[in-house]
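If you want the building blocks of each chain, they are given just below.
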Amino acid sequence: MRRVWRWIDDRTGLITTIRRIAHHPVPPRTGWRYVLGSATLIAFLIQVGTGIALATVYVPSTTNAYDSIDFITHGAALGHVLRGMHYFGASAMMILIGLHLLRVFLTASYKFPREVNWLTGVGLLGLVVVMAFTGQLLRWDQNAVWSAVVAAEQAGRVPWIGTALAHFILAGDRLGGATLSRFFAFHVFFVPAIIFLFIGIHVYLVLHHGISEPPEVQPRIDPATYRKEYRALLAARGRPFWPDVVWRDAIMALVVVIVVLALAQWIGPPEVGKPPNPSIINASPRPDWYFLWYFAVLALLPKHVEQPYFIVLAPLIALMVLIALPFVFPSGERRLTRRPWAVLVAAGVLFVVGYFWWLGERAPWSPVFDVQPLVLHGVAPADTLQLTGARLFHDTGCEFCHTVAGQGGHHGPDLSRVGARLDSAQIASRILGGGPDMPAFVGKLSPADVQALVAFLRRDHSRRIDPSP
Amino acid sequence: MAWPIVGFLFEPLVRRAQGTWRTVGRTAQFPPGSTRQVAFLDPTPLPWAGQTAATASWLRHEAGGDFIAFSVNCTHLGCPVRWEQGPQLFMCPCHGGVFYADGSPASGPPLRALARYPVRVVGGTVQIWTGPLPIA
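If you're matching them up, the sequences are chains A and B in order.
For the first sequence, the numbering used here gives the first residue as 198, with consecutive numbering after it.
For the second sequence, the numbering used here gives the first residue as 175, with consecutive numbering after it.
Any given hint could be a false lead.
[As the list claims (entries may be wrong)] EDC-like, lysine to aspartate or glutamate: derived pairs with alpha carbons at most 16 Å apart:
(1) A/Lys641 - B/Glu185
(2) A/Lys641 - B/Asp276
(3) A/Lys500 - A/Asp620
[To be verified] Derived contacts from chain A toward chain B, CB cut-off under 8 Å, selection only:
(4) Val346
(5) Gly374
(6) Pro564
(7) Val568
(8) Asp592
(9) His608
[Stated by the list, open to error] Some residues of chain B that are not near chain A, with every Cβ distance over 10 Å (derived):
(10) Trp177
(11) Gly181
(12) Ala237
(13) Asp240
Please keep in mind that the hints were generated in silico from the structure rather than gathered at the bench.
Note that this is a predicted model, so its numbers are computed, not measured.
Each residue gets a CB set at the ideal place from its N, CA and C atoms; glycine is no exception.
Make a model of the complete structure from these sequences and hints.
Following this line, the structure appears as structure tokens:
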């Protein structure tokens with residue numbers, strides 16, 4: 198056996214190379230902060246494994262994809278768990294690559310000489326986002342179909358080449374049989390191939406430059422002396438990756454696998470939606486959770502900045518900032534106590550994304566189409582005119598966007614006590630003339646209708662009234 | 175070697191837009207003043223397209239007798255707008271875009287009116303010219 202082993206090493210050099218990699222020295226005090234990169238890799242490997250298994254049954258055809266996903270989820274042995282693992286594996290990848298980027302940013306590990314490590318990491322982040330989006334579309338249910346349309350519309354905002362880009366995404370000038378095949382090819386072949394390439398470069402660079410030492414160990418970067426200092430540090434205090442450091446990565450890998458498996462088993466994959474028929478337009482497309490914050494941003498942007506460039510320019514600027522970072526700050530201080538701006542930027546980004554994510558989850562700007570008529574839900578109008586007004590409030594769609602007595606939409610202001618701040622003429626004027634973010638109802642409502650609506654709204658609805666027995 | 179690969183991938187960019195008239199019903203099915211959803215097939219669906227080849231339009235029969243076919247895609251980001259008979263408005267569930275009955279923007283993010291498809295009446299039937307997805 199030993200002879201075979203030696204022969205393989207002699208002819209390939211693989212075992213010596215692996216041994217050298219396994220024993221490469223790691224700076225001291227790296228700790229648990231430094232396991233996020235390998236954990237992201239484990240999540241990616243989960244995706245590769247579960248993705249290959251899913252691809253043995255999934256049919257990337259617009260006629261059969263929906264049924265094949267349904268079969269995987271409800272008919273195939275272990276299909277439910279497998280899809281769940283792929284879904285939660287994707288979520289794990291998004292979270293872990295985000296945390297890894299945050300750690301690298303906060304410890305300023307992007308500085309000299311690791312600029313290209315950072316750039317390949319940023320590239321990987323972008324590729325993971327593309328994988329997440331294309332993966333959502335492969336469900337090929339109603340949500341996926343409309344998400345493909347939204348993607349094409351966003352691409353259409355790119356100046357000069359927008360329409361061409363949209364047609365490239367859709368594989369034509371509309372949704373069709375070729376659209377899904379294109380997303381499948383990107384999700385399964387093209388993007389993963391680039392991810393493998395980038396991971397290879399990223400890992401090679403980590404070994405080439407060595408794992409960055411924590412800021413406590415090396416507080417400042419001076420490109421003129423850094424390499425010499427780093428070599429001296431490893432010689433004096435470095436520890437072999439195997440076995441001194443690897444155990445943390447192994448435990449973290451185990452945790453990632455167990456959590457993904459547990460969530461897949463107990464929660465399961467997202468249920469497949471309605472069929473992918475674009476003529477069924479009673480749909481409310483929503484992205485997966487990791488894109489909800491951007492979904493909210495698109496809803497809440499002021500009109501004058503929304504059109505036509507923000508959708509294209511904002512992500513582009515964010516990308517340019519990430520790319521420029523190691524070149525703008527290639528040296529200097531690394532300790533967080535001396536880089537308060539870095540903490541502020543990181544906290545600000547987390548807060549903004551978190552806030553918009555919370556808004557995206559609630560989507561208060563969306564009309565509530567299935568809201569129940571108020572008269573059936575406890576608002577007890579005092580007279581016939583108010584009763585008519587309450588009915589009109591529902592039938593003319595006011596209730597889709599406005600709340601009264603705790604019921605209705607949240608797009609517009611709560612009108613439970615509008616009578617306390619506006620008089621009858623002002624309310625009537627607002628109904629008929631509309632506003633900056635409200636349609637005008639002039640010509641749609643008769644004077645009697647307006648009178649009834651005003652009478653209903655002038656009443657104080659701040660206290661919920663139980664329905665009569 | 176690259177030419178066939180690149181050409182094959184980017185062929186949709188240079189493909190000429192194709193269209194055809196699709197009959198969506200008899201005129202009597204659309205009373206004057208009504209706005210109805212109609213469904214029809216793409217002009218040249220691929221053999222394996224299945225139900226994805228279907229598309230829809232909001233067909234409005236004006237009181238004056240004219241027909242207008244609106245795209246169902248919101249001009250903000252393409253989500254499907256719904257016609258709400260009560261308020262006589264098209265409303266988008268995604269980001270709250272609202273359009274008047276003539277397709278002009280009423281509130282929310284959209285700045286442009288709903289796109290329209292050509293419509294004609296032939297022998298008592300209403301026909302819509304199927305067009306590409308309206309891209310901004």
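Here is how each hint holds up against the structure:
1. A/Lys641 - B/Glu185: violated (48 Å)
2. A/Lys641 - B/Asp276: Within the cut-off at roughly 13 Å; holds.
3. A/Lys500 - A/Asp620: Judged against 16 Å, a Cα distance of about 30 Å means the pair is violated.
4. Val346: Hint on A/Val346: holds, closest Cβ of chain B at ~4 Å, below 8 Å.
5. Gly374: OK, holds: A/Gly374 within 8 Å of chain B, min 3 Å.
6. Pro564: Holds, about 5 Å.
7. Val568: violated (12 Å)
8. Asp592: holds (4 Å)
9. His608: A/His608 check passes; min Cβ-Cβ to chain B is 5 Å, inside 8 Å.
10. Trp177: holds (17 Å)
11. Gly181: holds (13 Å)
12. Ala237: The assertion about B/Ala237 holds, with a minimum of 12 Å to chain A.
13. Asp240: Holds, because the least Cβ-Cβ distance between B/Asp240 and chain A comes to about 18 Å, which exceeds 10 Å.
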